[in-house]
Structures are given as C-alpha cells and as structure tokens.
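Number of protein chains: 2
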Amino acid sequence: MAGVDYLADERNKAQFDVDAMKIVWAGSRHAFEVSDRISKLVANDPAFAKDERTMMPRKELFKNTLRKAAYAWKKINELRLSEEEASKLRFYVDEPAFTDLHWGMFVPFIKGQGTDEQQQKWLSLAYKMQIIGCYAQTELGHGSNVQGLETTATFDPQTDEFVIHSPTLTSSKWWPGGLGKVSTHAVVFARLITDGKEYGVHGFIVQLRSLEDHQPLPGVTVGDIGMKFGNGAYNTMDNGVLRFDHVRIPRDHMLMRFSQVTRDGKYKQSDVPRQLVYGTMVYVRQTIVQDASSALSRAVCIATRYSAVRRQFGSQNGGPETQVIDYKTQQSRLFPLLASAYAFRFAGEWLKWLYTDVTQRLQANDFSTLPEAHACTAGLKSLTTSATADAIEECRKLCGGHGYLCTSGLPELFAVYVPACTYEGDNIVMLLQVARFLMKTVSQLAFGKQLTGTIAYMGRLEHLMECRCSVQKAEDWLNPSAVLEVFEARAARMSVSGAQRLSNFTNPEEGFAELSADLVEAAVAHCQLIVVSKFIEKLQQDIPGQGVKEQLKALCGIYYLYLLHKHQGDFLATSCITPKQASLANDLLRTLYSQVRPNAVALVDAFNYTDHYLGSILGCYDGNVYAKLYDAAWKDPLNESVVPDGYQEFIRPLLKRQLGNAKL
Amino acid sequence: MAGVDYLADERNKAQFDVDAMKIVWAGSRHAFEVSDRISKLVANDPAFAKDERTMMPRKELFKNTLRKAAYAWKKINELRLSEEEASKLRFYVDEPAFTDLHWGMFVPFIKGQGTDEQQQKWLSLAYKMQIIGCYAQTELGHGSNVQGLETTATFDPQTDEFVIHSPTLTSSKWWPGGLGKVSTHAVVFARLITDGKEYGVHGFIVQLRSLEDHQPLPGVTVGDIGMKFGNGAYNTMDNGVLRFDHVRIPRDHMLMRFSQVTRDGKYKQSDVPRQLVYGTMVYVRQTIVQDASSALSRAVCIATRYSAVRRQFGSQNGGPETQVIDYKTQQSRLFPLLASAYAFRFAGEWLKWLYTDVTQRLQANDFSTLPEAHACTAGLKSLTTSATADAIEECRKLCGGHGYLCTSGLPELFAVYVPACTYEGDNIVMLLQVARFLMKTVSQLAFGKQLTGTIAYMGRLEHLMECRCSVQKAEDWLNPSAVLEVFEARAARMSVSGAQRLSNFTNPEEGFAELSADLVEAAVAHCQLIVVSKFIEKLQQDIPGQGVKEQLKALCGIYYLYLLHKHQGDFLATSCITPKQASLANDLLRTLYSQVRPNAVALVDAFNYTDHYLGSILGCYDGNVYAKLYDAAWKDPLNESVVPDGYQEFIRPLLKRQLGNAKL
Ligand SMILES: Cc1cc2nc3c(=O)[nH]c(=O)nc-3n(C[C@H](O)[C@H](O)[C@H](O)COP(=O)(O)OP(=O)(O)OC[C@H]3O[C@@H](n4cnc5c(N)ncnc54)[C@H](O)[C@@H]3O)c2cc1C
Ligand SMILES: Cc1cc2nc3c(=O)[nH]c(=O)nc-3n(C[C@H](O)[C@H](O)[C@H](O)COP(=O)(O)OP(=O)(O)OC[C@H]3O[C@@H](n4cnc5c(N)ncnc54)[C@H](O)[C@@H]3O)c2cc1C
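Chains as they are written, first to last, in full-length UniProt numbering: chain B, 1 to 664; chain Y, 1 to 664.
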C-alpha cells in the first residue's frame, strides 16, 4: 500500500499551521531551509544508508563509518558547503565519528588556547583535514578531577623539548574519541614540569601517528578501548587508549595563549585573561543542550506516531480498538516529554544568545556575568541531558514490545545518547557546582550584591520567602506570572533552607559534603526555573502562524504543571502551594492533554525529520508500521537460512538424545 | 599483582557476619549450598565463558548459545542434576535461550491447561527435550489485549481437525522466544471457531518443524524478528515470527483441561474451575520478582565495589583522593538501590509463600483470596521490574564513563533486563489492574466485606483517614509501626480520594479512563506499602548471625525513608506527615547512610556472586579494575591490527586530499 498515509486522519485534526511551527522549531526561516535541504540531501543519498548499522560486527561497522566520513567530506568539498551546512550534514549523517572530535573539540580548543602563530600553523592543516585531531584529557584513573591527571610533560632545556610520559597504568589516556584508530594528532593534557617544579595541567599538541603510513610514532602505544553500550550506537567511534614512553615534542607544541615556558625553562603567565577559557565551555555546553532537544524530539516523534498507529483494547461491536494515544496514562507519560522537547529547544536557543553575550563581554574585559553564566550552563547541561536520557527510555517503553526491536530506532538512540550525562562534566558534579554557586549567592545577599540574569530572582528574596500562591481555580494556573513566582519561591526557599542548615556546621566544607544530596535538589529547582522562565519568555515574543502560539502555550503549561506535579513534594514542603492548589494543577494538566491530543502528530511533524534521520519503523512518516516491521525482520543475518547454523551440531543431537558423544 | 585483594580494607570494616547474611540472602542454608555449588561449577567451566559475547556478530552469538544450551543439557544429564539444580544451572549460565521458554512457559502451560492424557503425552517428550516448545501468544498487531488476537483455529468436523490460519498481516505471531530458529512445537493461541461460532482465544499445540530435518512443516512460515536492544543481551534468543496458511492439527491438540470441542464440533466447558489458570500466573510473576532482585543486586554489587575502588578529588597533601563511595550524593543514589535489592528479595520470598497458599486454596476450591493475590502479584511485578530497570541504569551512571564500556557488564545487564517491564503484562496495564481492584475494594467497604492479606489495612479505613503521624524527632522514624501506619494512611487516602473523584462521573468507565493517571499513582502507593510491610515482617523473624539483623534494619530504614522522600508529595498532599516530619526523615536517612557505608562492600559480597556471573570488570571481587580494563581493551576485534581496515581506502586519501578520485 505504498503511498497511503496511515496518519492522514491525525494530520487532518491539527488546529495550527504546521509549516509555521517548523520555522519556530528551527529557529528561523533560514535555519529551517538549510536543515530541510541538507537533511533531504543526506536522506536521498544511499551512501548514507544506516538500516543495517545495528547488525554489523564491530570491524565492519567501523570501516563503514570511515567510508561515510570520507564520503561526507568529499561531498562537503564538492558542493562547497558553508560551515553551517557542513555541520548540518554531519548532524544528519547521524553517526558518531572521529570528525566530531576533530571539529567539535580539537579545532575549537586550538582556537581557544593557541597563540596566533599556533592557530595559523595548526588550524590551516586541521581545516583541510591534512591532520586529524582528538582531545585527550581523561585517563584510566582520572576523569572528573582534571587536576588529578598523571601524564607528565617535563621540559628538557638541553633539547628545547617536552618529554611526554605515562608514569603509571592509571595515567593511560582513556576514552578520547577518534584516538583509537584514526587521529594523527591529539591535544594531550599533562602536568607541566619545568625547572624541577610542577605547574599543573596544560594542553600540548602531540603527533601520534605517521602521516605516511599511519603507524604510531616511537614511544606511542595506542588502540581502541573496546565495545560500548548498544548495537551500532557509539561503536562507530574509536574511543581510544594511549600511553607515552618518553615521547619528545618541540617546546612550541605547548598551547601557549595563557601561559608559556621560555627557551630557558621559565614558566610564565601571559597577560591574556584566563577567564576566556570559559567562553569555550559555554559554547560546548550550549551545543549539548541543543543536542538534547534533538534527541528528545526524535524519541518523542517516534513514540507519538506509533501511539497513534497502535491500537489496544476498547473495541466496541467489532469496531477498531482504541488508539493507545487516547489513554490518559499514555498521554500523561508522553505529552510532558513532547513539551520538554520544545522547552529544551527554546532553552538551547536562549543559551546561544547567552554565548554571544558572554563572548562580547569577555572581549570587553567584563567578567561580571561569568559565574552566573557558568552555573547556568552547567546546570542546564545536567538537567536537559538527564531528562532526555530518561525520556528516550520512557518513549521506548511507550512503544510496548516493539520498542525493544532495533528497527524501532529507540534502543540505538538511547545507547548513543546516554553518555551525554557523563561526558563534558558528570551530571551530579555539574549540579554540585550549581549548588555551590547558589550557596555563595545566598551568603552574599546580605552584602547587597547586584544579581543579574538567571539568578536575579534571588534579589527579591524577602518577597519570595513570604509570598502566597494566589491560585483558586484550575485556570488560574495558566497565569504565567503566578507560575513563575511559585517556581522562584520554591527555588529560593530550597536554597535558603540549604544555606541555613549549612550555617550549623563549623566547617562549611564538611557541611556542604554532608548536605550535598539535598543541595543538589535545590540546584535542580533552580535549573527547572530557568527552563520554565525561558519558555514563558519565548511566548511573550511575537510568533506568527495560525494557532501556533496557542499550541506552544498548551505545551508550556504541560511542561510546568508536569514539573509541579512531579516535584509536588518540594512545593508543598516549602509551602509554596497548598495540596488543593496542587490538585487544581493536576486538573488543568488533564485538560491540556486533551487540548494537545488532536495536535500531537502535527506537533512532531513540525520537527521536520526525514525517515532517514529518524531511523525508526515505528516512527515512519506514513505510519505503515506493520508491513515495514514484517519486511525488515527477514533481513536479519539469522534469517539467511531457514535451518540455523548449529542445527546439525547442537539441536539435532539434543532432540535425538545423542549428546553423549557430541563435541560441544 | 594477582592474588592481591584491593578491597580487603573494605571487607575488614564490615560489622556483621557475612556468611550468615549469605544464608539470609539465599533464603536457606540448603538454597545457599545449591547456589554456591552450581554457580562455581558454571564459573569454572570454560565452555560457559561469556567475555566475548558483546563482541560477537549475531549468527556467531546465536550459534554459541545453541552450543551452550546443548552443553548445559548434557551436563544436567551427566551429573543427574535435580530440577532445582538444573534450573540454577540455567540461571548461572546467564544467557537467554530457547530453553527458558521451553521450561518456563511451554512445560508449565501444558501442565496447567492440558488434560491428564495430554500431559502424559506431551510432557514425557518435553521433559527429555525430544521436542522443544515455545509460547506463541503475541501477534504483530496484538499484545496486551489477548482477546484481540486474530489467528484462527477453525474446527473441521469432516477430518476431525483444527485449521490454524493467519488471516491478516497483523495476525502474524511475533515475539515468542525460541520460535524463530529452534522450537519444534508451540502452544499457539487462536480464536476457536466451531459450528460457525466463535468461542474466544484458546491454546493449541502445533508442530512447526520436522523432527527429521528441522524444516518448517507445510503451511508454516517462520523466522527470527531481528536484532533487539544491546550487544549480546537478548540477541542470543530467537524471538520469532510465525504465519500459518491453513495448517491442520488433530482435534486433540487443543489444550482441553478447561474446555473441549467434541468429535461433532460442540464446544463444552469442563467442570474444572477456570480460576485454576491464575495459579500459573501467580507462579510466573513470582519468578519475575525473584529475577528483579537478582538483576538489581548484580548491578548494585558492581556499582558498590567500583565506587569503593574509584577515587576522585579531595586529595590532601598528595595523599590518595576520596573514594567516590564516600560522597553523600553517591550514597544517596546507591544505598537506596542496595536496600531495594534486599527489599525485593524478601518480597519475592513472601510471594513464593503466597503461591503455595493460593495453590492449596485453589485445590480446596477456595477462590476467595484470588482477586487480592492477583492484584498483589500484578502490582509487585510492575513495581519491582520498573524500579530494577531504572536502578541498573542508575548504577551504570554511578560508574561514570567506565560504566559505558561493555566490560563493565552494566550495558548488557540493562538491555537484557528492560523487557521485563513489558512482557508478562505491560507495567502500566498491570498498575491499572491494581487500581481497578483498589477502586472496587473502596466501593465495597460500605458492605462490610471482610478484607484479608495485603488489602486488610483498608478495613481500618476510618482510623487511617484520621490518624496523625507521631514522629517528633528523627529516630522516631525507626519505629516500624509508625512507618507502617504512614504508608497505610497514604495508600488508603489516595485510593479514597480517587474513589471520591470517580463518583463525580455518571459513567464510571469514563471516569476511570479520565482519572487513570492519578489512579495509577494510588496503585503504586499500595504496592510500595506491600514491599515495606514484607521487609518489616521479615525483621520480626528470628535472624541468626552477628550483626546481621542490625544491617537489615538499617537497609529497611533506608528503603522506606527513601520512598518517603521520593514520594514526599503524596505524603504531604494527603497530610500523612508534615514538612517537619519529612525533613526529620531525611536527617535519619543520612545517618543510616553513614551506618551502612562501612558495610557496603560486605553487603554486596553477601550476594555470593562469582566473577563469571557478575560479568563485570568494574565489579570484580578483588577490585583490580584498572589492570583488567586495560588488558580487556586489546581484545576488541578493532585492535587486531594497529592500522585499521579502511585506512588505505578512506583515511589516507582524506589526509592526502585525494578523495576526488576515490571510490567511496
Ligand atoms: C562516550 C564517551 C566519550 C568520551 N569522550 C572523551 C574525549 O573525547 N576526550 C576525553 O578526554 N574524555 C572523554 N570522555 C571521558 C569523560 O569526559 C569522562 O568519563 C567524564 O568526565 C566523567 O568522568 P569519570 O569517568 O572519571 O567519572 P567519575 O568522576 O569517576 O564518576 C564516578 C562517580 O563518581 C561521582 N563523583 C565524581 N566526583 C564527585 C564529587 N566531587 N562529588 C560527588 N560525586 C562525585 C560521579 O557523580 C559518578 O557517580 C568520554 C566519555 C564517554 C563515556
Ligand atoms: C523480549 C520479549 C520477549 C517476549 N516473549 C514473548 C513470548 O515468548 N511469547 C509471547 O507470546 N509474547 C512474548 N513477548 C510479547 C510481550 O508479551 C508483549 O510485548 C507484551 O505483552 C506487551 O504488549 P504489546 O507489545 O502489545 O504492548 P502494547 O499493549 O501495544 O503497549 C503499547 C503502549 O500502550 C499502552 N497500553 C496498552 N493497553 C493499554 C490500556 N488498556 N490502557 C492504557 N495504556 C495501554 C502500554 O502501556 C504501552 O505504553 C515478548 C516481548 C519481548 C519484548
């Protein structure tokens, strides 16, 4: 039944202009057009097919990724794609590869930490991919605590070289993507030692492999660290292990923008302010929040379409059964995730703005907003990645048994996504940083420090400690300022209560350690407030398109009411709301679910994902799920023969009771 | 450094008799001894090695499973293992295989639904594995709603046969384990049609493959449904697809214990009470709860040992860094899961007793406890599997980056475990059944019906609606009867509030549908109460062993206080506790974490898992994590050559800017 749209009924129900929503989702008409064009280019090119990825053994999988990466680079050059287009192309190819680290970490890091000459030298090679680089920070024994890294870089004034060395087993570099099999170069983090003194961890550019035959250079031991979670997924990436046996590099391979070692081995700080480093960090974390909304929206798109196709129970007089999307339990699990996808999208958009703002300030030597920006990006990184990882798995469960098949796309999406909770800062470590920032903010309130940005609400602490929520009937929960105040009050009261309990400890560090689990909850409350407030701010903008703003309002309401219900304990314990108000919020939530229901499929259509990018039979655009599942099954290698390999040796002797003599 | 125990310090800290705890965990000295002996037998036999499972392509993986299954069966016969020992052996082999369905579903189902003659005929073949059977219920289009299955079994009086047929694509059987490549027979569920009338879904024994050459019989189309979540994991199982094209089976292949079709095509109910079916269901769900505690304890064992090995931050004067298990955030995520493992273990033990009790009553024609037993097993199935799935992933995250490696064992454990949330009753569908039972119970309270078992507390409704929690200081939360009352009050009040709101609807079915998401929360409250009360009851028994009971008390406290904190919103909204009491509970929780901390490693040692069964480098008994991780990395197929396959075709031309002519 090719050509039939099984979801046409659903699409006809939509009460808003889907094309206009597509622009809102993409961020601008321009962004939409680029995305649309590039995603179709990728989808229509058989060289980028990925249907068999989850069935491939590791070596074949990896070789195939090498092919795609080379092919993509060829395309980028042939079509003379802009930087924006090229990065979209890599995005829609949708396969982790060494190029991610080359473009996403190696290049930005040299930009951020290299001197002008260093940038000129290395970036011109890197931009043409005449060298391939990775980012080698983490070690077998050290991750979160970067200051604990053990690799050493000892300056030898005799030869004007650094000697890079791995003194222990635990100092082996471990995890860097692209390192295992591909990278020719790495930014290596090591403790700088010169003149018999140690100066902490610094970055060095180290060549790892010959540019002629790709053999590791003398003293370099390098390999892949082995299989990771899931089929396909991150196994296309060669996360690597690396050991140095007294490897020598020229002195000027140390990245010297912020500090230098002179010819005679003196360590010197440069006059470039170190705070500039944070710019890169805000940039990287901003992209992580964007990625969260992409991954989440993909999962939600699959689960929503399939929930409209899937029917179970409720048949009356032999008619069709109920679409599972009509069950309130299904809605109460799915629609908050749909709303979260939009919420994270707008939070990401705002972070992009924040990055520009921070960069401009840094250039003007204004560091005043840095601590707030830093806390805020760390917190949103943690919040959005944790929520997205959980949401993907929930979407998989929402698809019942069929969600467990690789052809549903959800297992691979989960497996490839979850490390975002760990890399670029373990999510709990991130929240502890936010908590520290909050405690510091509270403790300084007395000094009348001016608070800006996402922490400005603390300036109204007196009011927030006392205010009473005015909600009297369910619809009152539609009032954005009432909602904001409740979220602000909760966050403020949790922080203050944490600070008060901290003050009972004579040693504040001990107190922080003892109360850390509670303080992390205050940090979460603060971060949720940020996402809610950015969603509400978005709705205060002019948003064109028939019915578009109404839908976004409903989604915004679902997002904050869902949080309010999920964290009811916080809101009640801090007396921000009453049990009655909590119950009214829940009533409104159900109404909003009903409002979103007829628009659900159109709301995921607005993501404008191709079937190629989605990579899911359950989520396919036309909803022709069953025929496609059935056809796909027969492609499994196990179906190459009707009688399986192993029948003669293991099944037949068992059935015939002849195992006694069998060689097993 | 073979032979060094890196966790010796931790083991020395333990304040209780670990050997005595092992007996408590196993359930009895006998159970411990069998487990201990069989797990070592498996661990020491290289034929059962599983280190390379996650690296194997599907066909190789599957063939290897066939080998292990045959080998295991040979061992079972050679060593003349008892049924208990044989099933332990399959458990410790730790690899999903067709034998699970043969022994776990096919055999029990024939036992439950076959007549005496049918049992004699089929079981004697099945017990010797001269036939291999599976359980074919689910279809491509129908899972949860068994009554919606489409496969037909039409009686043909001319030949005294049933004609089994798949009338539509969606009627294809889909999912049955062991079906795809191995089973020779299946119990097939189909709509029985005779005399032009339909009599609903019944079970039939259908031969699928020739016993001579394993070819599918005429009219049978059968194959594997393809890759599932994860590497290794459930891909060792041949979940299958099956279609019938008018396949004929003798009339007596219908399982006729409860109903029959006579020679002349008349449908007749037998006088065996249908309720007996529920016995099997209680049995199967009871094993699922046991499995939950096994999977959870495994994950917790890995995360606990690794958290004691892993150090991060906090080094003072060049000394070692802090073990991450000493961070309160780590404890507050890990120790509740450790406590849950014990809680589920005892809940499982109690369910075993419940099964015996129900069986005895059924034999005496006493069906009075069935609804309660049914709701309770459905609820505990849902509660324990959902919590376990989430917990495994949390344990993976607790291991930071290294948890993402397959050698950590956690990715595969997660992937192989999660379908337990879906099979044997989707967890939400299960909770909806519990909710229905609760609403019915409340509505019948007025009629003074005697309430027994896990619902007995509802008999004290008047008191529970009014009681006030007496806790005044943190330690008051150690009082079991205060705790029980609070959990009972919360569950009762949530049910009553649901029932009250239901009564506002004129159509109760519509009301139930509309409020279902809230009612599911009441069901969860009821199920948590059951687990808490069974843990508390366990502690009222005599438990030998120095310090053992003290540890269990601490774990029990952690379990209920953790629930109390997590669901604070419920407790506060129903006014079961005050914010002050909630905060005191949290204080006690932290104290209990400190109490458990020195015993943590010993508490997971008490599970008595071999390194083979655990299958995790991070969780290995001796804690020698880093050397083992490093060595294991080099075994990845990608490390067979230093320069990767694909270098000449894809990397070199890219570096040399020669992609123009390259064939990609
Ligand atoms: C897929 C993937 C790709 C990666 N790519 C790269 C790469 O390209 N380059 C690179 O250099 N690295 C890379 N990494 C490594 C990554 O950056 C680290 O894994 C990450 O920083 C987490 O550190 P860890 O593994 O040491 O975790 P750990 O810090 O050891 O975490 C273990 C546990 O300890 C807890 N913990 C740690 N410190 C504290 C504290 N102070 N207080 C409370 N709790 C604490 C954590 O919350 C966690 O529960 C990658 C990792 C993965 C999984
Ligand atoms: C690994 C694995 C092994 C299996 N082995 C076997 C086997 O050996 N033999 C066999 O016969 N089957 C087997 N199954 C199938 C399994 O029993 C079904 O997948 C399971 O019963 C769930 O049904 P479903 O897939 O139809 O989910 P669905 O019912 O389609 O679930 C989809 C969504 O709808 C929701 N939903 C459904 N009904 C309702 C309702 N009334 N109210 C509210 N929400 C609802 C669910 O909560 C879920 O979110 C297996 C499945 C798996 C994953």
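Bear in mind the hints are in silico, worked out from the structure with no lab data behind them.
Any given hint could be a false lead.
Heads up, the list lumps identical chains together, so a pair's fine if it works in one copy or across two of them.
Pairs of lysine-lysine residues, derived as BS3-like cross-links and limited to a Cα-Cα distance of at most 30 Å, are as follows [said to hold, decoys possible]:
1) K566 to K328
2) K656 to K50
3) K121 to K13
4) K22 to K538
5) K121 to K553
6) K566 to K59
7) K59 to K628
8) K22 to K473
9) K580 to K473
The hints, checked one at a time:
1. K566 to K328: both (16 Å within a copy, 23 Å between copies)
2. K656 to K50: between (42 Å within a copy, 27 Å between copies)
3. K121 to K13: neither (58 Å within a copy, 57 Å between copies)
4. K22 to K538: within (15 Å within a copy, 58 Å between copies)
5. K121 to K553: neither (51 Å within a copy, 65 Å between copies)
6. K566 to K59: neither (44 Å within a copy, 44 Å between copies)
7. K59 to K628: both (28 Å within a copy, 23 Å between copies)
8. K22 to K473: neither (34 Å within a copy, 56 Å between copies)
9. K580 to K473: both (9 Å within a copy, 28 Å between copies)
The structure fails hints 3, 5, 6, 8 (numbered hints given earlier, in ascending order).
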